[in-house]
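Let the sequences and hints guide you as you build the complete structure.
Sequences listed follow chains G and D, in order. Quick note: the first sequence uses numbering that gives the first Met the number 0, first residue 0, plus one each step. Quick note: the second sequence uses numbering that gives the first Met the number 0, first residue 0, plus one each step.
None of the hints are false.
List of simulated lysine to aspartate or glutamate pairs, DMTMM-like, C-alpha gap at most 25 Å:
#  : chain 1 : residue 1 : chain 2 : residue 2
1  : G       : Lys-134   : D       : Glu-31
2  : G       : Lys-58    : D       : Glu-272
3  : G       : Lys-199   : G       : Glu-144
4  : D       : Lys-42    : G       : Glu-109
5  : D       : Lys-42    : G       : Glu-137
6  : G       : Lys-281   : G       : Glu-308
7  : G       : Lys-203   : G       : Glu-406
8  : G       : Lys-281   : G       : Asp-337
9  : G       : Lys-199   : G       : Glu-230
10 : G       : Lys-65    : G       : Glu-99
11 : D       : Lys-42    : G       : Glu-152
12 : G       : Lys-199   : G       : Glu-187
13 : D       : Lys-46    : G       : Glu-152
14 : D       : Lys-42    : G       : Asp-143
15 : G       : Lys-160   : G       : Glu-144
16 : D       : Lys-46    : G       : Asp-156
17 : D       : Lys-42    : G       : Asp-156
18 : G       : Lys-199   : G       : Asp-143
19 : G       : Lys-134   : D       : Asp-25
20 : G       : Lys-58    : G       : Glu-68
21 : D       : Lys-46    : G       : Glu-117
22 : D       : Lys-42    : G       : Glu-117
23 : G       : Lys-281   : G       : Glu-269
24 : G       : Lys-58    : G       : Glu-95
25 : G       : Lys-160   : G       : Glu-117
26 : D       : Lys-42    : G       : Glu-139
27 : D       : Lys-42    : D       : Glu-95
28 : G       : Lys-381   : G       : Glu-269
On the chain G side, residues computed to face chain D include the following (Cβ under 10 Å):
#  : residue
29 : Arg-15
30 : Leu-108
31 : Ala-129
In case anyone wonders, no lab produced these hints; they're calculated from the structure. Glycine included, C-beta positions come from ideal geometry on N, C-alpha and C.
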Amino acid sequence: MSDLSIRVEQLGKQYRIGAPVTQYMTLRDQMSDGLARFGRRASHKDGVKAQDHYIWALKDVSFEVKQGEVLGVIGRNGAGKSTLLKVLSRVTEPTEGYAEIRGRVGALLEVGTGFHPELTGRENILLNGAILGMKRSEIESKFDEIVAFSEVEKFIDTPVKRYSSGMYLRLAFAVAAHLEPEILVVDEVLAVGDAEFQRKCLGKMSDVAQAGRTVLFVSHNMSAILRLTSEALVLDHGNLVMRAPSAQAVDYYLSHGLSQEGERAWSPDEVPLEAAPFRPLKVRVLNKDGQVVDTIRSVEAAAIEVEYELTAALTGLRVGIYLMTTRGEYIFTSFDTDDPQAFERLSARAAGRYTSRCILPPDFLNEGRYLVGVNASSFRVKRYFQDEQALAFNVDAAGAPGMHWLEPRLGPVRPRLDWTINHLDG
Amino acid sequence: MTTQSKYTPITLLRPSHGWLSLNLGDLWRYRELIYFMTWRDLKVRYKQTLLGASWAVLRPFLTMVVFSIFFGQLAGVPSEGVPYPIFSFAALLPWELFSHALSVASRSLVNNAHMITKVYFPRVILPLSSVLAGLVDFGIALLVLGGMMLYYGIAPTPHVWTLPLFLLLALVTSLGVSLWLSAMNVLYRDVGYVTPFLTQFWLFITPIAYPGSLVPEQWRLLYAINPMTGVVDGFRWALLGIEASAPGPTLAVSSTIAVLLLVSGLIYFRRMERQFADRI
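Listed below in structure tokens is the structure:
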């Protein structure tokens, strides 16, 4: 018997985009859609199909996974990671190509699928286990283990609608963690919960990986990918860009601007009239090579750049940024004319286009997601423009201090400090 | 330790075309989920209600009271020689099963959209378990009917053993229609508006408030195209011994249509199934 676990051959998945996908269709829509299609066919006799209505979420993807291998899947939002997992877990059918799966697949595309708020913890364990494909006998034999792992013993006969969100998540993950299929397919389930919960999940994941099961693991968390997987696939726009040992794949992903979303442009109608003569154009995050990225590395310098236009000359203007955690805590505020000499020199700015750029030093931010806010004002005169959440970006901690310990670090900064250790009675 | 099975099932995932096999093997592998989903439906149904499971009795019972007053007493609708209340209640038993199945099962896929987009299982389990959950209500109402027969001094007929067969016919019809409605509801939410109207309309074309013998002889076969006619006639014959509704050609027509509904429903459902996760 071959030791192949998953074989994917030229797999493709096409989605229809636009209203019909995000919203359901009513019969009337369907009819008017049909009419529109009929009209198009009548007017375009050259047979041009409405290609713009369709998008390939996955295209021509081929790879193999050996039994017992732990494979990571990385790529920016919309790269096709989740679609790949959905196809492999049989939630949706491929449009072309095929995948061959040897063994029972357990899919964790989210935790707590099918949980019903009115049912008790005990009842939901049974139900959720069955939905995930566990046999009743299997669930019953692991029941005590699941309850112990979830730490909700006292509330096991309480309806889960009375649970705190933390308890709910712990219970949901506990059931999922005790699923023991030959192949485990895991989507970003670790992106939820508090730091303690995430640590527990990561620990459980590495147990699973070491137990010799085949695992496909999707994550935005590069450190988790590096810790748990040996090899990784990099997806971009539905295409498989590379397959390499995880360190190499992560490096490629982070340095090739594949995570290109780190830019925000304001359309004219997003800018209030009273902002004039200041007109914000764009704000972007740049990596050390000057590429626009949505993920920067903690160990490398990065830049934040605001692009704007002055439709008339202005005096006393300062353009600046806020940096905030996704919990809304400010990390710092900084303006382009914080330096008194610079303020002196630029007290009057002529009309025209400008960029104001600041450098974030290396070894500065901890891993996580951050928000950039933009402010343009004249001190005590006028605030022209403010957008407190203009852009979000990620920081990846690969290579940062203390990464050899499997634990999340508290706090938004992760400096590389000089430590001196003295043995006093030596 | 992992519980590795001796054999490794191989699954081939590829785009499907045309008419599909019904894949009943998969349904068998997931039989425990059918049980769990039915159980969930039952558990959840009467949560936070004051009267709980007594609703299973109240709904047909109150309908029967209203029918007895307006049709039985005031309009003087004939009831084939048995007291009108029991005449209508015997018909309301399978009818409640059917109408309840329609309203719950037609929404079953849409209401469980989060499950459909996140995990694989044979989707047919959702409408199927909604239909099966109605059996418990049916059982409770059947006990009430037993009490009423005792009260009116009506002994079950010797054909009472055929009752499960008519119940099966009711289930086949309910599931057949539910498969169509639930799958269509994924693509067209119009179904949500159509279903109550459809149920109401169906109530009038089924001999519940009136005896089937009211329909002129030459129209009976056409009338039997509604499979619920066969079901209701069967219930009255098996329980109350009403000879006018004894099995005959009309039952054959009703059964054939019911089976056609189920088979076509299954095929339609399977054909649409591949789109559920993307379109729901």
